[in-house]
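Number of protein chains: 2
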Amino acid sequence: MTTAYFTASSVDGFIADPEDSLSWLLSRDVDREGPMGYDPFFAGVGALAMGARTYRWLREHEDGWPYDVPCWVFTHRDVDLPPGADVRVTTADVAAVHAEMVEAAGGRDVWLVGGGDLVGQFADRGLLDEVWVQYAPVALGAGAPLLPRRLELRLEEVARNRDFACARYTVAHETVRPG
Amino acid sequence: MTTAYFTASSVDGFIADPEDSLSWLLSRDVDREGPMGYDPFFAGVGALAMGARTYRWLREHEDGWPYDVPCWVFTHRDVDLPPGADVRVTTADVAAVHAEMVEAAGGRDVWLVGGGDLVGQFADRGLLDEVWVQYAPVALGAGAPLLPRRLELRLEEVARNRDFACARYTVAHETVRPG
Numbered sequence: 000m001t002t003a004y005f006t007a008s009s010v011d012g013f014i015a016d017p018e019d020s021l022s023w024l025l026s027r028d029v030d031r032e033g034p035m036g037y038d039p040f041f042a043g044v045g046a047l048a049m050g051a052r053t054y055r056w057l058r059e060h061e062d063g064w065p066y067d068v069p070c071w072v073f074t075h076r077d078v079d080l081p082p083g084a085d086v087r088v089t090t091a092d093v094a095a096v097h098a099e100m101v102e103a104a105g106g107r108d109v110w111l112v113g114g115g116d117l118v119g120q121f122a123d124r125g126l127l128d129e130v131w132v133q134y135a136p137v138a139l140g141a142g143a144p145l146l147p148r149r150l151e152l153r154l155e156e157v158a159r160n161r162d163f164a165c166a167r168y169t170v171a172h173e174t175v176r177p178g
Numbered sequence: 000m001t002t003a004y005f006t007a008s009s010v011d012g013f014i015a016d017p018e019d020s021l022s023w024l025l026s027r028d029v030d031r032e033g034p035m036g037y038d039p040f041f042a043g044v045g046a047l048a049m050g051a052r053t054y055r056w057l058r059e060h061e062d063g064w065p066y067d068v069p070c071w072v073f074t075h076r077d078v079d080l081p082p083g084a085d086v087r088v089t090t091a092d093v094a095a096v097h098a099e100m101v102e103a104a105g106g107r108d109v110w111l112v113g114g115g116d117l118v119g120q121f122a123d124r125g126l127l128d129e130v131w132v133q134y135a136p137v138a139l140g141a142g143a144p145l146l147p148r149r150l151e152l153r154l155e156e157v158a159r160n161r162d163f164a165c166a167r168y169t170v171a172h173e174t175v176r177p178g
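Protein chains in written order, with numbering that gives the first Met the number 0: chain A, 0 to 178; chain B, 0 to 178.
Excised from the complex, chain A in its bound form:
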């Protein structure tokens, strides 16, 4: 069971541009079933978590709710819930929610969708195991940061998937939690 941050990024480490747009990303070519692609990754996922901005973006841009596994949304605001979907709004501590997610995932992986600061909160508690970055071929110069933390990683895998340079890292837990 792995808790993974799987995300696209600009080459300079931004996951959204200053207008919260993903046009720089969605215009690129990728094989979802290819190396380090979304489909094989998501096939192993049993629960997911995201922050308010990521959730709002999905609700505004996706036709219906795209996930069939439980999703926790960390927000203090009222949110419009998609009918029939298992979306759980929370303001609880990430460690408490993580325990619920692991149980709900039933042996499958936990996906931290973003944003970067929410993922950082999981990392702060030693709950982040892997980081998968798909670098789109663009520099943005500004926007929402990939992972606003100082965090030691270990490179596990590098691949090209069409327009994307992909890298998978494990988090060097020994630097944040002994034993």
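Just to be clear, a hint being listed does not mean it is correct.
Covered by chain A, according to a simulated footprint, are these stretches of chain B (three or more residues, beta-carbon under 8 angstroms) [claimed, not checked]:
(1) 9–21
(2) 130–140
Going by beta-carbon spacing under 7 angstroms, a handful of chain A positions derived as facing chain B [as the list claims (entries may be wrong)]:
(3) Pro136
(4) Arg153
(5) Val157
If you're looking for bench data, these hints aren't it; they were derived computationally from the structure.
All C-beta atoms in this analysis are idealised placements derived from N, C-alpha and C, irrespective of residue type, glycine included.
Dock chain B against the given chain A, drawing on the hints supplied.
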């Protein structure tokens, strides 16, 4: 003849940490002669340019001056010149200096060492051809930005070199200069 920005970066797009340290980088394992490594890259370089911070870092950390090709340093400050080295301090426009560099390079490549804003000034003038990034396995969360510009790239090559995920891009010139 190519004008290339060849640099290491954290996974989240910083080329130096907030203390201007490179300890996060210099502790990693890399094969300088390996895939997308420094030695084959530098073998093709005939001239180089850098900003004041990069120059100061080199002077403080390198034993003597490490380059045997002409180097332009963009700074308005007085700088201590290494004896016997071809270091040319300039406050001129990057396009004028670029023409001098190309001539001095005699058919070899121009290396923009950094920092990111100086490289951005070359990009603004359509003078940046390639970006080579060697991602070290660490998130820094803050520091000196890789390339503070919005710039379209094309992915040419992906490689692993020991601890580093490496990507080479060409700059999509058609988006910045017609014809």
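### Query
With 7 angstroms as the cut and Cβ atoms as the points, is arginine 153 of chain A at the interface with chain B?
Interface hint status for arginine 153 of chain A: holds (6 angstroms vs cutoff 7 angstroms).
#### Entry: Coverage claim, chain A over the stretch 130–140 of chain B, checked by counting residues with Cβ within 8 angstroms (three needed)
holds (count 8)
#### Entry: Whether chain A covers the stretch 9–21 of chain B (at least 3 residues having a Cβ closer than 8 angstroms to its Cβ atoms)
As far as the stretch 9–21 of chain B goes, the hint holds, because 6 residues have Cβ atoms under 8 angstroms from chain A.
### Hint check, valine 157 of chain A versus chain B [nearest Cβ-Cβ separation less than 7 angstroms]
holds, 4 angstroms
### Query
Under the criterion of a CB-CB separation shorter than 7 angstroms, is proline 136 of chain A in contact with chain B as hinted?
holds, 4 angstroms
The structure fails none of the hints (numbered hints given earlier).
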